[in-house]
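There are 2 protein chains.
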Amino acid sequence: MSSNQQREFQPIQSIGRQGLLDRIEAIPGVQHPDVIQGIGDDAAVIGQDEDNVTLLTSETFMEGVDFDLVYHPLKHLGYKCMSAAVSDIYAMNGKPTAATVDLALPTKISVQMVEELYRGLQSAAGENEVQIVGGDVSAAHQALAISISVYGEAKEDRVTYRSGAHKDDALCVTGDLGGAMAGLRILMREKKFWQEQEGEDVAFQPDLEGYEYAVGRQLVPKARRDLIEKFEELDFRPSSMIDITQGLVNELYQLVRAADIGAYIYQAAIPIALETRSVADEMKEDVDRYALYGGEDLELLFTLPEKQVDRFAKEFTDFAVIGRITDASEGLKMQTSEGDVVLFNEDDQQSPNP
Amino acid sequence: MSSNQQREFQPIQSIGRQGLLDRIEAIPGVQHPDVIQGIGDDAAVIGQDEDNVTLLTSETFMEGVDFDLVYHPLKHLGYKCMSAAVSDIYAMNGKPTAATVDLALPTKISVQMVEELYRGLQSAAGENEVQIVGGDVSAAHQALAISISVYGEAKEDRVTYRSGAHKDDALCVTGDLGGAMAGLRILMREKKFWQEQEGEDVAFQPDLEGYEYAVGRQLVPKARRDLIEKFEELDFRPSSMIDITQGLVNELYQLVRAADIGAYIYQAAIPIALETRSVADEMKEDVDRYALYGGEDLELLFTLPEKQVDRFAKEFTDFAVIGRITDASEGLKMQTSEGDVVLFNEDDQQSPNP
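Sequence lines, in order, name chains W and F. Its first residue numbered 0, the first sequence is counted upward by one per residue in numbering that gives the first Met the number 0. Its first residue numbered 0, the second sequence is counted upward by one per residue in numbering that gives the first Met the number 0.
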């Protein structure tokens, strides 16, 4: 350790994830002439030839931080991690081709458990037409770590960046939001209940009746390949796109920052499943917080020129218009269901996650 | 967990790393038509167009398993991890273009420490003309984890696989072997000494005088881009190639298995640096074990048709011929410095690593 490190210990928490990413980005490095887009979008974009680009993304999932093996069956876990990884390729309007998977395995993980995990990885890989082409297995001391990198392709003129939104574009979101958070709430409650059954040597068997939808959203989320295929089929290109992994408000900030725009959303327009509402009610929590800040839904947030919306809606129904793009000076605003207008403050991005 | 997992707990140790990889490979998955080589080589090979291919590899480095922060300064650690990751692209006779880096960061890691690590990553990336194009930062409970995936390119007709060696080809290795292991030995001794100074609140300041070469091999190994550039310049293509990260004997097994061949090596021909010998003497250990089983040297092991060796040696001097390729029925044999011939047994691949 250099003396500099000994003098100064600034916890990462004090500047946050984005602050750390900004600090890392400031460190100079090589610019390769083939790279079209480096750090700063869902995936990097690298030129292949005149027409085609490579898309590259990677993600690491850590036990105890990103998942809990008590309520995450390994097969589902593999499925979820692969879905989340390929979702970043879809968010660029591309299609994934291949993935590598690195596993760091503590001794509590058996051969059979690795096989279960892999079956889940292959299940999601299959649905997304991705071949697992490599990867490493290594030991870990305590926590299971799963790193996935995905390679995808797109026509260069179809790649969609975070930064492409224009004023008055419609803000659209696929599916519904907050379901993964609702599912997490249920699973955490069941885990707590199970832990209270002290001394009883039984495996965790949560009672999930009536919560299948929400729990499924948490455990086995699907990446939205269907949207990308529809865009391709109809030759539509959204002006910007991002996948929702860190919660709607956070992703909106990413779009707003990247394109130097503002956004205005309608709380009443945010799609929320009935079961998600029931869970929030049962937990005595605000379902809008699930929808605004809950992550992991793997839905796609995209912008379309206003005049294209109706045409697209005739061909693809599983999306909702939740607002529109405004000037940067407007910031990020929401008209609440009661009719008030609130301005989001970037420092106030707490998720309802405990 | 399924009832199957509860019945059966087979520790990974019981089948080993290769056994686990074989089990994983047996799980069915999608075959993508663009993939030319999936699991089973240093990097995956994916077709781009008629002439060019993409190379893809990833590796995860775990604290406590792959490195020890007590003696691994973070800047060096970043350098080493990036070198090791790009080395897999060189082992395919390609060149790296871009990399993604995922960091899982425990709270003991400060912002400044991440910056140091990144400076090292960028330093090796710069030497290898690689742009870091993305990556993720996330929390970890205890151990620092670094996952790097590298994207590279090659002309399809220049890609070199593990499986290409033919009978009578010369077995060649760049640089010298066992140095990284010797360096590790020195660092471990210094760590032990330091830990014995109990109660003294001083930073670890190892006395490395006289061991600069070996310690450098352990802490800041260079990937052998120079060999790949020379091959390109002279339009040579080795018949097979692999990088030495798990030790010479292990890599020889990979070549032998992939090409269904045998190999015969001469112990006296294995290049070992003087300082590596001194360290082994000092430790009262067998330097040949360092050279045969010590990993992390990041040298390249390759085969060349016998008649090309002299011509290549006129243009590139930093390699040695250590043996030749034989029939599969011959297995993997070594003529010792004393003139005996030993047959390696794949189950007996202990490294001198404690």
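Calculated from the structure, these hints are not laboratory results. Check before you lean on any hint, since a few could be wrong.
Unchecked claim - Calculated pairs, DSS-like style, for lysine-lysine (alpha carbon to alpha carbon, straight line, at most 27 Å):
hint, chain 1, residue 1, chain 2, residue 2
1, F, K154, F, K313
2, F, K94, W, K94
3, F, K313, W, K154
4, F, K154, W, K94
Hint by hint, here is what the structure shows:
Among the hinted pairs, K154 (chain F) with K313 (chain F) is consistent with the structure: their alpha-carbon atoms are about 25 Å apart, no more than 27 Å. Simply put, K94 (chain F) and K94 (chain W) have alpha-carbon atoms about 24 Å apart, close enough for the 27 Å limit, and the pair holds. Note on K313 (chain F) and K154 (chain W): the hinted pairing is violated, with a Cα-Cα distance of about 45 Å set against a maximum of 27 Å. For the given pair, K154 (chain F) sits about 23 Å from K94 (chain W) by alpha-carbon distance, which is consistent with the 27 Å threshold.
Of the numbered hints given earlier, the model fails hint 3 alone.
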